[in-house]
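Take these sequences, add in the hints, and give me the full structure.
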Amino acid sequence: GDSVTQMEGPVTLSEEAFLTINCTYTATGYPSLFWYVQYPGEGLQLLLKATKADDKGSNKGFEATYRKETTSFHLEKGSVQVSDSAVYFCALSQGGNNRLAFGKGNQVVVIP
Amino acid sequence: DVKVTQSSRYLVKRTGEKVFLECVQDMDHENMFWYRQDPGLGLRLIYFSYDVKMKEKGDIPEGYSVSREKKERFSLILESASTNQTSMYLCASSLPDRPDTQYFGPGTRLTVL
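Chains as they are written, first to last, in this note's numbering: chain A, 1 to 112; chain B, 113 to 225.
Among these hints, one or two may not hold up.
[Said to hold, decoys possible] Listed next, with one range per pair, are the computed distances between beta-carbon atoms:
| # | chain 1 | residue 1 | chain 2 | residue 2 | range |
| --- | --- | --- | --- | --- | --- |
| 1 | A | K56 | B | R210 | 17 to 25 Å |
| 2 | A | T26 | B | K183 | 33 to 41 Å |
| 3 | A | Q81 | B | P218 | 50 to 58 Å |
| 4 | A | D55 | B | D209 | 17 to 25 Å |
| 5 | B | R221 | A | T51 | 32 to 40 Å |
| 6 | A | E16 | B | R126 | 46 to 54 Å |
| 7 | B | T198 | A | D55 | 38 to 46 Å |
| 8 | A | G1 | B | G175 | 18 to 26 Å |
The set of hints was computed from the structure by calculation and includes no laboratory data. In this text, a Cβ means the ideal position worked out from N, Cα and C, and glycines have one as well.
Next up, the structure:
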C-alpha cells in the first residue's frame, strides 16, 4: 500500500540554522503530498501541500518540492526560529481517496 | 474560525471500562476520522466515516468501534479498555475528495490503568 518514510530521530538545531527534514514516499499513481505541523499541546495543522510533480508548496518560510523522479518531498526552511519547535509529519493522499497516509513524524527542537 | 473539538484533553480510565471519546466539528464536513498517535509510530487511522451512519475500518480497528448519528459528531468507543490503548487520540474532519481540508482537533490523551 501507499506509505511515507521520514528520516529517523529528532532534530535539534540552533536558531537561524537551516532545517531539512527528509520525506520519501511509495505510491502507485500520482499522489498529493502534504506537510503537517503539530505544535506542543495542539492538533495537527496543514503547513503546505503539492498536488503534482515539480510543484513547490510554501508557507511560513517553509518549502517543499514534489520530486517524482526521486519520490521525495523534503521540507526546508532557511532560518528557523524557536517558535518552529514542533513535530512535523509528511503525508500523502491518492486521488479519490479521502485517507491520508502519514509518516512517523520528526520532533524539531530549536535552541535559542 | 473552523473548529474540531474533542470532549476531553486528558482522560484516565481503568482496564475493562467502556470509554467514549467524542468529536464535534462545525464545518459541515462529510468525512470524519479517528487516529491514534504513538511515539515512533506516527498517526494510525482507526476508523473513518464519510456520511452519517456510514463507517469504514482504518488500519487498526481492533478493540474500537465508532458511531456517527449526526453529521457533526463522531464518537470513538473502547468497549473494554486495555492498557495498550493508552495513547493520544486525534479526531479530524474534511470535505469529500479534499484531503487538504483535513482539520484536526487538539487530541485526547487517554491513560488506561
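Between T198/B and D55/A, does the beta-carbon spacing fit 38 to 46 Å?
39 Å, holds
Cβ-Cβ distance between Q81/A and P218/B: within 50 to 58 Å?
23 Å, violated
Is 18 to 26 Å right for how far apart the beta carbons of G1/A and G175/B are?
Roughly 21 Å apart at Cβ, these two residues keep to the hinted range, so it holds.
Against the range 32 to 40 Å, how does the distance between the Cβ atoms of R221/B and T51/A compare: consistent or not?
33 Å, holds
For the pair T26/A and K183/B, does the Cβ-Cβ distance stay inside 33 to 41 Å?
34 Å, holds
In this structure, is the beta-carbon distance linking K56/A and R210/B contained in 17 to 25 Å?
Hint holds: Cβ distance 20 Å, inside 17 to 25 Å.
Could you check the hint for me, namely that D55/A and D209/B are 17 to 25 Å apart, CB to CB?
18 Å, holds
Could you tell me whether the CB distance from E16/A to R126/B stays inside 46 to 54 Å?
48 Å, holds
Checked against the numbered hints above, the structure violates only hint 3.
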